[in-house]
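Line order of the protein sequences matches chains Y and D. Throughout the first sequence, residue numbering follows my numbering, covering 492 to 802 in sequence. Throughout the second sequence, residue numbering follows my numbering, covering 14 to 295 in sequence.
Honestly, the hints are just simulated from the structure, not real lab data. Be aware that one or more of the hints could be misleading.
Claimed, not checked - Think about it this way: if two alpha-carbon atoms lie no more than 30 Å apart in a straight line, the pair counts; the simulated DSS-like pairs of lysine-lysine are:
| # | chain 1 | residue 1 | chain 2 | residue 2 |
| --- | --- | --- | --- | --- |
| 1 | Y | Lys647 | Y | Lys630 |
| 2 | Y | Lys686 | Y | Lys540 |
| 3 | Y | Lys630 | D | Lys115 |
| 4 | D | Lys265 | Y | Lys793 |
As the list claims (entries may be wrong) - Simulated restraints, written as ranges between beta carbons of each label pair:
| # | chain 1 | residue 1 | chain 2 | residue 2 | range |
| --- | --- | --- | --- | --- | --- |
| 5 | D | Thr49 | Y | Lys630 | 16 to 26 Å |
| 6 | Y | Pro595 | D | Arg20 | 23 to 33 Å |
| 7 | D | Asn240 | Y | Ile639 | 55 to 65 Å |
| 8 | Y | Pro595 | D | Ser258 | 39 to 49 Å |
| 9 | D | Thr28 | Y | Thr548 | 46 to 56 Å |
| 10 | Y | Pro595 | D | Thr69 | 17 to 27 Å |
| 11 | D | Ser21 | Y | Asp552 | 53 to 63 Å |
| 12 | Y | Met680 | D | Ile52 | 33 to 43 Å |
| 13 | Y | Met680 | D | Arg20 | 27 to 37 Å |
| 14 | Y | Met680 | D | Met128 | 15 to 25 Å |
| 15 | Y | Val685 | D | Thr28 | 18 to 28 Å |
| 16 | Y | Met680 | D | Ser258 | 45 to 55 Å |
| 17 | Y | Met596 | D | Phe116 | 39 to 49 Å |
Keep in mind it's a predicted model, so treat the numbers as computed, not measured. Backbone N, C-alpha and C fix where the C-beta goes; we use that ideal spot for every residue, glycine too.
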Amino acid sequence: MKLLLEPSTQTRNDGIFRLLTIVAASFILLIMILLFIELLSNSWLSLEKFGLQFLLTNVWDPVRQEFGALSSLYGTLVSTLIAMLIAVPLSLVIALFLVEMAPPMVSKFFGMAIELLAAIPSIIYGMWGLFVLAPLMAKYVQPFLQKISGNLFLFKGPPMGIGMFTAGIILAIMVLPFISSVMREVFLMVPNVVKESAVGMGATTWEMVKVMVRYGIQGMIGATFIGLSRAIGETMAVTFVIGNSHSISTSLFAPANSITATLANEFTEASEPVYLSALVELSLLLFVVTFIIQMVSQLWLKRVQKRMGVQ
Amino acid sequence: MKERSERSRIYLDITVRLFSAFSALFGLVILIWILTVVILRGISAINWEFFTELPTPPGMGGGGLANAILGTVIITVVATFISVPFGLLAGVYLSEFGGQSKFAQNVRFLTNILMGTPSIIIGIFVYTMLVRPFGHFSGYAGSVALAILMFPLVTRTTEDILQLVPNALRESALALGMPRWKVTINVVFRAAKKGLITGIILSVARISGETAPLLFTALNSPYWPTNFTDSTANLTVTIFNYAMSPYEDWQKAAWGASFLITFAVLITTLMVRYLVREKHGK
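Okay, chain D solo, but in the shape it has when bound (with noise of 0.2 Å):
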């Protein structure tokens, strides 16, 4: 053990001190940072016609990507529909039914692996089931591949709140001579309905600002999201598209568009959270 004067280990420490709370004040000022950019340069791309126009070609002003909003909240809500059956069923199978089970322990296991799975992945999946089969993209593929990845999401929540209701609830249901299915949907989900939909809306934030997944299979259009079995305009991929074009208006949609999905992903995060927290106050 090497011998350290008094002074300098207190000095030493101090250091450390400052240093580690430097860095946490970092993570807060890159947070700050990004959100002030954002901002500042979305917020003079966003006007009436930016919800309500289609996308003009570069160089004509104008226009706005009224598409591409409508697009991606389909894809979304048709992903939210695929996923939460599977999610919440899977969920209630791990809570309720599975335990410890060698089954069980297989799903949980590969559950967490589907949720770390890069996004990019399921693009390429959902590329080879179900855009190369039909010879073109479509906002089904889309929607599926978003589905994919917030179907872990909502199993893993899912069975995380079931296992905080208290097992002599269900006690008292099954001794009353109620089924098991009636016990789980009328008493156990109605007992963790709050935590239930705070998990749902927080994985359809999570999923809502993906684009590596929607990058081949909904692709990108410059239309109406008339025909979902044809590439479909969203804005993610938008903001890509935008982002890579020498064009300036066409950046500074992106930023608007970069504006719009960041504050409402941030937004419902943040109200939910605020909810979540209510609720465990009371």
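The following block holds chain Y by itself, in its conformation from the complex (with noise of 0.2 Å):
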């Protein structure tokens, strides 16, 4: 008898053990399906009351109900855009240092710095954006860059510290240690045949490395997306640092706005229905946005693993 029951306590068990971790996996699932129906609901209101202009024009009237995003929308195109201009080539050529030129013993001390920058909370980025790198801007680096470039319409107006141009070296600074370990990972993946050849050509380390980039160009665009998805998502050094101003201007010095700082200084002051349903369409869009460039770099980061994975 208990030789019979065994057994099958045991599969129905097992069959109540898999069910859960299902389960639990589906969750993931109904998470994003969920974040998903709950952002556009949310925002209908501002989808239909304001449509394609929401994008396209730059009002921001809690009064008078009137909101169209373009400021935001811009702010974070360029402070992203700063950001990555800075950090792709200089994690390119920190995760060159670590792979090629440094030896073991230093190469692991700096990477373990590099790792511990993705690790600081970002509100420290903002709090030490706000009190320490943007009076230095203001002081010193922003007067230099508007005697040297002669006033070009860059770097115009006065040159107080916060706006556009800090938030993106703050970003620049944040994103780098993503972009740099995943670089990393491609020199990595470089086989040594290709190095020797060109070493054996008598190629220099830097003619050597050219060639490696040659070799793993795809994986370092993916790189640059993973970067760049990071860079359109964070919030809060941002909000420190941007300025708040629903304006645009050419000037990179101006004070400005972003998607995610809207949304951190105004969505908890959003009272009326059609103002908090703006905020949504802003986080509805980000949220595409991001999914987006996420989605690509994963399998764009999956097809050249399989590819050189296959070599």
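Once you've looked at the hints, go ahead and assemble the two chains, each given alone in its own frame, into the complex.
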């Protein structure tokens, strides 16, 4: 009797356990679906009222209940662009240093330092940016840039320290560890044969690296995408330093806004349904954009890994 | 192909080498700079009252952030208790049952995407689900927001670590007639115990410094966190509010809170990393 019973209870328990794990895994799907539905339904009011104008006009008037998010979109775009322009080349050479140049102990030490940059909470970057970096920018860096560029339109206006430029620099520092760690992996994936043949031809280290870059270019594009989606979604540090102004200026020194900074600053103040709905629409936009970037970069990196793994 | 003289090639090489060494140094300098600023400005705000007293209005002096410290601990612990069971089970599914099935691949894909979703979006999502319908901010909502952020982290690390357990171990236990669930809990989990704990601690460290998801959920409060169904004090939102205020003593307290949170996160991260390396070394 016992012998007959036991296997069946065991199979039943096994079934229950398996089911539990499937339910837990389904929660990921559930969260993603709910997230999309909630954001969509809560921004419906604004979607209906403003339509495409929401993305194309720059009015942000909670009193008259008119909303067009162009200044926030512009701010996110420009601050991210500055960040990527600084962070991508810097990450490339840092990865290069860690993989190809530094002796193992040095590489380990620097690698850890760069990784720790990623562990510092975003709000601490905000504190440092607002109270330490911004005054330095206002006093030294911005006047210097104005002087050497001959008052170029990008650097016009009073040097206040806060604004798009400072936000871009802080973002660059924050995404640096993420990009350089993927770049490092890409460098490590390059087969030794490729490196050895370059060196065997008499190439210098830099020339060998150029061959490696050509070999791993797709992986590096993937790394850039990962940094991009980090930079777009970064909130607290940007909110501290971007200046919080709904105006579009060609000068990078002018106070501006980004999607995330607008959300962080205004969400709890939004009492009117349309105002709230407009803010949720901004977050929906952010969600869709980061979703697409993440999706593309994941598929892309998977393809690269497969291709490089086969060889 | 452009011809270049031997000398210019070598100069270019040296320039690039120097540039890349300086860039790595730049990363290190920024890290040290931030940490030094946080220590120098933070440590002067830290005293006995900082850990034991409630905050005072600006200009009064004294007071501390005891309520915010306690609130952050409670919110984080509750978030951990919500997300760890789900994360572990989902990780077990991906590693032990899912394999390369379509469903498992989709789950994996979405786990990665959720991991990269900006945390402020999770805050707004929880606001629309748990704050707006009930009409008030709450500590629970804050915990749920952090739990959603932590869920994919735990799932991913669990899967990665269970994958490291050799299959021979599973097969020998199964061959002895052990049912699958017992194999997973008694054999696979036990073999991977250290890695799992490491993964969970790292995830907790990651989320405990988060601000954006708490802004619209737990909000903040100047009182003790006695009622978890109402807005709950926490360190990170306090830093944000205090830093943005024009009062010098509040800004000082914000630096104190920054010091506390930065070093709690960094020391935990470093210690856990060290333990892992120790394990691999042996």
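These are the hints, each one checked on the structure:
no.	hint	in the structure
1	Y/Lys647 / Y/Lys630	holds, 15 Å
2	Y/Lys686 / Y/Lys540	violated, 59 Å
3	Y/Lys630 / D/Lys115	violated, 57 Å
4	D/Lys265 / Y/Lys793	violated, 47 Å
5	D/Thr49 / Y/Lys630: 16 to 26 Å	holds, 19 Å
6	Y/Pro595 / D/Arg20: 23 to 33 Å	holds, 31 Å
7	D/Asn240 / Y/Ile639: 55 to 65 Å	holds, 58 Å
8	Y/Pro595 / D/Ser258: 39 to 49 Å	holds, 48 Å
9	D/Thr28 / Y/Thr548: 46 to 56 Å	holds, 48 Å
10	Y/Pro595 / D/Thr69: 17 to 27 Å	violated, 52 Å
11	D/Ser21 / Y/Asp552: 53 to 63 Å	holds, 59 Å
12	Y/Met680 / D/Ile52: 33 to 43 Å	holds, 39 Å
13	Y/Met680 / D/Arg20: 27 to 37 Å	holds, 33 Å
14	Y/Met680 / D/Met128: 15 to 25 Å	holds, 22 Å
15	Y/Val685 / D/Thr28: 18 to 28 Å	holds, 23 Å
16	Y/Met680 / D/Ser258: 45 to 55 Å	holds, 49 Å
17	Y/Met596 / D/Phe116: 39 to 49 Å	holds, 45 Å
Violation of the numbered hints given earlier is confined to hints 2, 3, 4 and 10; the remaining hints are satisfied by the structure.
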